[in-house]
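K.L.:
Chain by chain, the residues run as shown.
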Amino acid sequence: MLVRIQYFAVLREQAGVAEERVETGAATPADLYEEVRQARGFTLPRSSLRVAINDEFCEWSQRLQPGDRVVFLPPVAGG
Amino acid sequence: MQAFSFSNAPLEPERYRDALADAAAGGYSSFEGWVRDHNEGKHVRHLEYEAFESLAIKEGARIVQEAIERFGVTRAACVHRVGDLAIGELAVWVGASSAHRAEAFAACRYIIDEVKHRVPIWKKEHYVDGDSGWVNCERCAVPGHDHAVQHGDRAHYVHEAAAAPAFAHDYSRQTALPEVGAAGQAKIRGASVLVIGAGGLGVPALQYLAAAGIGRLGIVDGDAVEASNLHRQPLFGIADLGQPKASVAAARLAGINRDVRFDVHATRASAENIDALLEDYDLVVECSDNFRTKFLVNDAVVRAGKPAVFASVYQYEGQLQTYLPRDDWPCLRCLWPEAPRDGLVGNCAEAGVLGPVPAALGALQAMEALKRVLGLDANARPAVHVFDLLHLQWRTLRSQRRAECDHSPPGDRAQNAAMNVDESELELEFPDLAAAQASGLTLVDIREAWERDCDAPDRRIEMHLPLSLLLDGRAPPPPQGVRYLIVCAHGVRSLGLTEHLRSLGYRGVYSLRGGLAALSV
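Just so you know, the protein sequences line up as chains A and B, in that order.
For the first sequence, the positions run 35 to 113 when this note's numbering is used.
For the second sequence, the positions run 1087 to 1607 when this note's numbering is used.
Any given hint might turn out to be false.
What follows is a list of derived Cβ distance ranges for each label pair [claimed, not checked]: (1) A/Ser95 / B/Gly1559: 19 to 25 Å; (2) A/Arg103 / B/His1550: 26 to 32 Å; (3) A/Glu68 / B/Gly1591: 25 to 31 Å; (4) B/Gly1169 / A/Gln48: 56 to 62 Å; (5) A/Arg103 / B/Leu1555: 47 to 53 Å; (6) B/Pro1563 / A/Glu53: 32 to 38 Å; (7) B/Asp1414 / A/Glu53: 27 to 33 Å; (8) A/Arg103 / B/Ile1324: 44 to 50 Å; (9) A/Ser95 / B/Ser1525: 44 to 50 Å; (10) A/Glu90 / B/His1550: 39 to 45 Å.
These aren't lab readings, by the way, just hints derived from the structure by calculation.
Backbone N, C-alpha and C fix where the C-beta goes; we use that ideal spot for every residue, glycine too.
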């Protein structure tokens, strides 16, 4: 299935893109993050992030649906 | 003599006059301000002058220089008394010598008028009836204002409007809004807001809240103004370098709005002081640059049942989140059950930032605070707003209260108190790496390979463990049982890793305060 992923903060920096469409067999955002973590070389573990699907924060075990818009959000502290 | 100075002892106009003598001068003019026995119908017994000296001397010298340039006088100077003065004593002396009399008179007039208006000096009058009060803040030069100042951690710059102020703030551009009006302005006037952090976010938040006429504004910041602040904190200037940010901000903001009472808290928010800091305010605007403070503030506002507006930035992005004390409202811990450790995801010092990014987020925080004060947030829903200013995109991610979050830090208070004791020893300071090594510590550099390439190798660093490899699991953590000093560029990442290792049971692990940048190499 095709999903849209948006990256923020250090993930955007490490991915080199703010957004991408990914063809994936991942069933959950947890699986999806593991896929892109390896592909993109992300250094942050999943436990440091929150995930939102279609603009709602959700659990990592939520079922992904085709066309979902997934946001991986790291906390930021700068001021 | 110095262009502008303070004196604790009685002024000596004869001596000052001699210092202005010059063969090119055809005359000399002076002005003396004396302590009089009455003010606004009250009999004054004696009075005290107090000044914010470091700022005042710079500003005073600037005024004298302006007068010399503007009127072309030969020499000019001003001396102001501080301390306790009796009736009839000399409070201030101004003198100017020049080729012709007109310029000397004009320069004297200019200097005394500007000093009264611009230099932070406060006057406390003691009345015959035993009463006393800080009055006629010379900084404002407005008769009929009441002012108070106390110094130290909790200094107050009180500016309470009196019966007939010479200057009335004009809020017409905001009261013209149907949702604001006179009633809304009264709500703003009655509000008290604590701004934690006077940095990239705090500066615009403070400026807009002060300008809007928030009745009481508290400013918490324990840092001094640094050169690296100026690109994104334009409330501060070159002359402020090294001065306490909270005091400088209060002095500057007092020049924007005289209706506001400013409380200066020139201290870092800590577990020990946070509850007391919050006490006097209705709302908190959290503008710090570290997770430790953000979670400290989160826990405190939850305890106190007060609303708070949080924001953070990273490079070109910002996150904005408002906490409301409602049962269904998520707190910061609902969103981030594992409080992030500082340094692990970057801050402004290490990740870089363009000024307008925190400026935009800080202005949004002021907007959120004003909405709250005006009651314009009735339809608010809990969310994290994520702004990408590089691509001009804004996502609103809806959040919910997490059922298992009890809105309090993990572990009981006693355990946290114990952690705080430990915190005091998380960082160590050394003049150089040799001194660190001499104290028996093994030096671990956690900077990335590309960062280290910029420096000449230092043989005292015994271990290179790039943080990214450690976090990733690609490098094993250092063996336990050794005393480590973790070093990075600025001491932020090393502190984060030190806390992390301590939480894993490591003992004798420390972070080099300020990082390699702080060493006197």
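K.L.:
Compare the structure with each hint and give your call.
P.N.:
Against the structure, the hints come out as follows:
1. A/Ser95 / B/Gly1559: 19 to 25 Å: Once the Cβ atoms are compared, 22 Å apart, the range 19 to 25 Å for B/Gly1559 and A/Ser95 holds.
2. A/Arg103 / B/His1550: 26 to 32 Å: violated (40 Å)
3. A/Glu68 / B/Gly1591: 25 to 31 Å: Holds, at about 28 Å.
4. B/Gly1169 / A/Gln48: 56 to 62 Å: holds (60 Å)
5. A/Arg103 / B/Leu1555: 47 to 53 Å: violated (32 Å)
6. B/Pro1563 / A/Glu53: 32 to 38 Å: With a Cβ separation near 34 Å, B/Pro1563 and A/Glu53 satisfy 32 to 38 Å, so the hint holds.
7. B/Asp1414 / A/Glu53: 27 to 33 Å: holds (32 Å)
8. A/Arg103 / B/Ile1324: 44 to 50 Å: At roughly 47 Å between Cβ atoms, B/Ile1324 and A/Arg103 fall inside 44 to 50 Å, so the hint holds.
9. A/Ser95 / B/Ser1525: 44 to 50 Å: holds (48 Å)
10. A/Glu90 / B/His1550: 39 to 45 Å: holds (42 Å)
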